[in-house]
Amino acid sequence: MSATATDIQYKVLIGMEIHVQLATKTKMFTSVANGAYPDNANAAPNTLVDPVILGLPGVLPVINKRAVEMAMMVGLALNCVIPSFTKWDRKSYYYPDLPKNYQISQYDLPLCGEGQIELPLTDGSYKTIRIRRAHLEEDAGKLLHEGHEEFSQVDLNRAGTPLLEIVTEPDLTTPEEARLFGEELRRICRYLGVSQGIMQQGHMRFEPNINLHIFHNGQTFKTPITECKNLNSFRSVERACAYEIQRQLAEWHAGGQKQQPMRKSTRGWDDDKGVTVLQREKEEAEDYRYFPDPDLVPVTVSEQWRETVRKEVVELPIQRRKRYEKHYALTPKESMALIDERPNAELFEAAVAAGGSARRVTNLLLGVATKTAKERGVLLPELGISAMTYAALAKLADDGTISATAAVTVFEELLANPSGDPKKIAEAKGLIQVRDVGATEKWVEEALAANPNAVDSYKNNPKKKQASLGFLRGAVMKISQGKADPKMVGELLEKRLDA
Amino acid sequence: MLSSLTARELRDKIAAGEITSRQATQEVLTAIDHLNPQLHAYNSIFPQRAIEQAEKIDAAIKRGEKPGLLAGVPIYIKDNMCTNWGATTCSSKMLENFHAPYNATVVEKLQAAGAVIVGKTNLDEFAMGSSTENSAFGPSKNPWNTKCVPGGSSGGAAAATAARLAFGGLGSDTGGSIRQPASLCGIVGLKPTYGLVSRYGLVAFASSLDQIGPMTQTVEDAALFLQVIAGHDEKDSTSWPDAIPDYLAELKTPMTGLRIGIPREYFDVEGMEPEVKAAVQGAIDWYKSHGATLVDVSLPHTKYGIAAYYIIAPAEASSNLARYDGVHYGHRTHTPQDLYDLYAASRGEGFGAEVKRRIMLGTYALSAGYADKFYLQALKVRALIKKDFDDAFQKCDVIACPTSPSVAFEFGSKGDDPLQMYLCDVFTVTCNIAGIPGLSLPCGFSRNLPIGLQLLGPTFSEKTLLRVAQQYESAHEWSKKKPGVCA
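The listed protein sequences correspond, in order, to chains L and R. Residue 249 in the working numbering sits at position 249 of the first sequence; the count goes up by one each step and never skips. Residue 1140 in the working numbering sits at position 140 of the second sequence; the count goes up by one each step and never skips.
With the rest of the complex left out, here is chain L:
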C-alpha cells in the first residue's frame, strides 16, 4: 500500500500480457522460414512467405510440433499446468496485416494453464507472481505507413511466426516489479533457447494492464483498467506503468471519485513524450467470434511427451542464482550478475571446474572482464579467454604466486592476447611474488627506515596499531614493486616490530 502527498491510500495492481516470438526454424503452421530464427533476422520484406502465409484459397495450416514443444518448455519453466488436451481457435478481425482476416489462436483451452514464478526483487528477496495462462498463436504481419502518401505497404515476413502469449495475474504492485518481471521472463526464454529476446527486433512485446484500488472514507474505489501497448523496452514498461499510476490517480482526484463501472481501455505509450494516449475503450472493442479451427486437430499431450519436453527445461536462472549463493557463497548481487546470461554463467562454472576458486573467478569475471565485455557489447565468453585460462590465473593469485593487483595486470594483458599463458605473462612482466626471506627482510628494513612515524604509532599508540601495520605493509609492497608476498611481509613486519 502506498500513499500520495495528499495521504490517499492506494494499491497498485499490474498484470502483464507478454508476447514471445518463438525461435523455431519454420513458422507456426507452415514450413517457410521464421523471421524470429537467428539466421533470418534480416530477410528482405515479403520473402518469408508462402501460400499459407499469404492466406491463399485452399491452403491448410499444419502444426509446427517444435513450436508446441518450445511453448511447453516455457510453460513448464513457469510451473504451469500442461493439460493433456488443447485445441486451436480462430480469432476473427479484419486488418491488412492479417491475410486470412482471422488469427489462429487458442481461446478456452490453452496449451499452458495456471502457474507461478518466483520473481527476484532488487533487495535479494523473492515475490511469487501467478501465471493465469499461456497460449500459442500466430503473429500478424506489419504495415508500413512511411514513404507514401496514397497507400500503405504490407510486409508479411512476421506473419505466422509462432507467438506465445503469457498472461499473469495482477500480482505486480510497482512499475519496477513490472520491469523486473519482463527481464526475468526474457532471461528464462534465453536460458531455454526458445527466443533470443532481442527487444529491438520485436522478439518480446509487453502489455501491462494497470489499475488502482483507492481507499478513501472507508470505501474502496477501483479505477478502470488500462492496457498499455507499444512497449518495446523494459525501461518503457517501467515508465508507462509509473505514468499510468499517476494519471489514474489524477483522474480519480479530478472527479472520478464515485464508483465507476469498470470500463477497460487501451492506451498507447508515446516514448518520446513519456505519456500514454487513449487508443480505444473496450466497449468499442470488436467481437472476435472465436470458434474451433476446423482445419486443425486438437493437440493431445501425453505424459511421456510432457516428460520428454521437461528434460529440455534446463536449470533456470533463479535456480542457478540460488545455487551460486549457497554453494559458492556469492552475494545475491554477484550471483545475479553471473547468471544473467547463460553463457557467462557457464564460463564461470567451467573456470571453477578447472580449479579456479569461485571467489577469485567471480572477482575476475565481474571486474575488468565485465567492464570490457560491456564496452565491446559482447558476452564474457566472447572475450576469447578460456575457462582454463581463468582458472590458471585464479590459481596464481590464490596460491600467492602473484598478488591480486598483479592478477588484474595479467588479465589486462590477456584481454589483448586471449590465448596467452597467465604464468608466462606474469613472469615476463616480473609480477611473480618474491618469497625469498632475505630479500623481503631487506624491503622491510627499507620501509621501516623510511617511515619512522608509522613505526612509532605502531609501538606507542594501540589505537593506531593495526592501521600502522597496514600502512607499513603497503610501503613494503610498493618498494618491492608488488613482487613481495603480502603474507610474508605481514609476518616479517610483526616479528620485527614486536621484537
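Hints are computed from structural coordinates only; laboratory data are not their basis. You may find that some hints are simply not true.
In silico DSBU-like links for lysine-lysine, alpha-carbon gap of 30 angstroms or less [to be verified]:
no. : chain 1 : residue 1 : chain 2 : residue 2
1   : L       : K142      : L       : K65
2   : R       : K1235     : L       : K87
3   : L       : K87       : R       : K1380
4   : R       : K1235     : L       : K25
5   : L       : K487      : L       : K442
6   : R       : K1235     : L       : K91
7   : L       : K264      : R       : K1380
8   : L       : K87       : R       : K1386
9   : R       : K1093     : L       : K142
Assemble the complex: chain L is given as a structure, and chain R must be docked to it using the hints.
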C-alpha cells in the same frame, strides 16, 4: 464412339495401346466444343495442355512404362480445386482472375495416375447452392432437359459426366453437392468419409464438412477415382493417416448377408415426389429380392439436420471467406474511400447474393451473445445426428434412401425463397454432419429425368457402399442411358 466406354474401359484400352489418349482427349474436346455453349458445364477448358498431356501419356505407354490407374483418361475437376495453371474461380467474380501457384493434392494425384484434365467445371458460387443458379458466370444446364437445373453445387461436373464431356471427374460435397447433382443428372456420385481425401487445394467453404469425391458414369469408375485420390496427406491435418483398401479389388468380393437400413424419416417429407419415392422403394425391393435383409432404422434428429447445417456451414464459411477482402488478391473495388470501404465495396462487388447471405448468417451465428444459441446449439445437434447414425449402423450395414426428394426442377422454380432451395439438401446434409460416406446412383426416371438412390454407410465403409451399389447397377440399365443432347 469412345463415349460409350467407361473410364475404366478407356484406361485399359489406352494402356493396351488399342486407343491413344490423344484420340480420346480430342474426342472429348470436340464434344465440349459442341455442347458446352449449350450446357455451360465447364468454366474453363485447356485444349492445348490436355493434348500435350495426352501425348506424353501415349509416349510413356509406347516406351513401355507402367500406365497409371487413369492413364490417358480425359477428366475434369470442379472449379474450386486449385491448379497451377489456369484460373481457379469458384464461379465467383471475387476469384475470376485468381491463378493459384500450387496444385490441390487431388490434382497432383490425378496427374500422377496419368489422368488428363481437360477443364474445370461450373458450380454455385463458392459451392453454395443446389442448382448452379448461383454461379457468377451463369448456370449449367441439365443434359436431360436443358430447361432444368443440373443440381448443385457440382452441377457443371454432373452435367459434364452425364453429357459425356469427360470420363468423369471430381466434385466437392459440403451438404450434398456431389450426390444431389449426381442424382439429378443420372450419374454416380460419392462423398467419401470426412478425412479420406485431402482437402489441400480445395477452396474451403465449410472446412469440417467439405470433402472431395468422384462423379462418374459407373460405380466401378467411382472406385477407380477413389483409389487414386484417397489417402493421407501431410498437408491436411484432418486427413486420415491409415492405409486405404484396394477398392477395385473389393468390388469383386461377393456380398452375403447384407442388412439394409430403411430410415422412415427419409421418405415422408414435404415436397417428396411420389415417383421418386416409388423408384427408390423399387430399388430397395430389388435388394430384398436378391437376398438383403431390410431393417427399419430411425434417425430421429434428421429433422434438425437442415437447421444445424445452415448454422455450422455458414459459420465456417463466414470465417473461410473473410480472406477475400480486396487487399492481397482477388477482386478489389476501384476507388475505395478508406480501408473500411476497400473491404466493404470489394466484398460487396465480388460476392453474389447467396454467398453474402451465408456470410451474414454465419457471422451472426458466431457473434457474442448468439454463439451459444446458434453455433454451440448446432454443434450439439451435430453430436446427436452422429449418434443416430452410430445407433443405426449397429443394426444395418448400409442405409438406403432417396438422394433428393425431387427430380431436376426448372430454372427459377424455387423462386426467391432461399429456404426452398435449402430443402433440396434435406436427405444429404446429415451425411456431411456425421462425417460418413454417401453414394448416389441412378435408380429410375420420372418425366425423363433421373432419380437417385442414396446409400449411406459408417465411416470408412466406402468399399461396402461401392459393392452394394455395383450389385444394383450391374442388374440395371440406368447407367447406360444417355441424354438426348449427346445423340
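- Query: Quick one, are K87(L) and K1386(R) close enough, alpha carbons at most 30 angstroms?
  - Reply: The given pair, whose Cα atoms are some 21 angstroms apart, holds under the 30 angstroms limit.
- Message: For K487(L) and K442(L), compute the direct alpha-carbon distance and say whether it is at most 30 angstroms.
- Response: holds (16 angstroms)
- Task: Would you mind confirming whether the straight-line C-alpha gap from K1235(R) to K91(L) stays at or under 30 angstroms?
- Result: holds (22 angstroms)
- Decide if the proposed pair is consistent with the structure: K142(L) and K65(L), CA atoms, cutoff 30 angstroms inclusive. holds (25 angstroms)
- Item | 30 angstroms limit on alpha-carbon distance, applied to hinted pair K1093(R) and K142(L) | holds (29 angstroms)
- Does K1380(R) lie within 30 angstroms of K87(L) when you go C-alpha to C-alpha? holds (18 angstroms)
- Message: With the threshold set at 30 angstroms, check whether the alpha-carbon distance from K1235(R) to K87(L) stays at or below it.
- Response: Between K1235(R) and K87(L) the Cα gap is close to 18 angstroms, so the pair holds against 30 angstroms.
- Query: Are K1235(R) and K25(L) close enough, with their CA atoms no more than 30 angstroms apart?
  - Reply: Satisfied, since the Cα-Cα distance of roughly 18 angstroms is no more than 30 angstroms.
- Query: Between K264(L) and K1380(R), does the CA-CA distance stay at or below 30 angstroms?
  - Reply: violated (34 angstroms)
Violation of the numbered hints given earlier is confined to hint 7; every other hint is satisfied by the structure.
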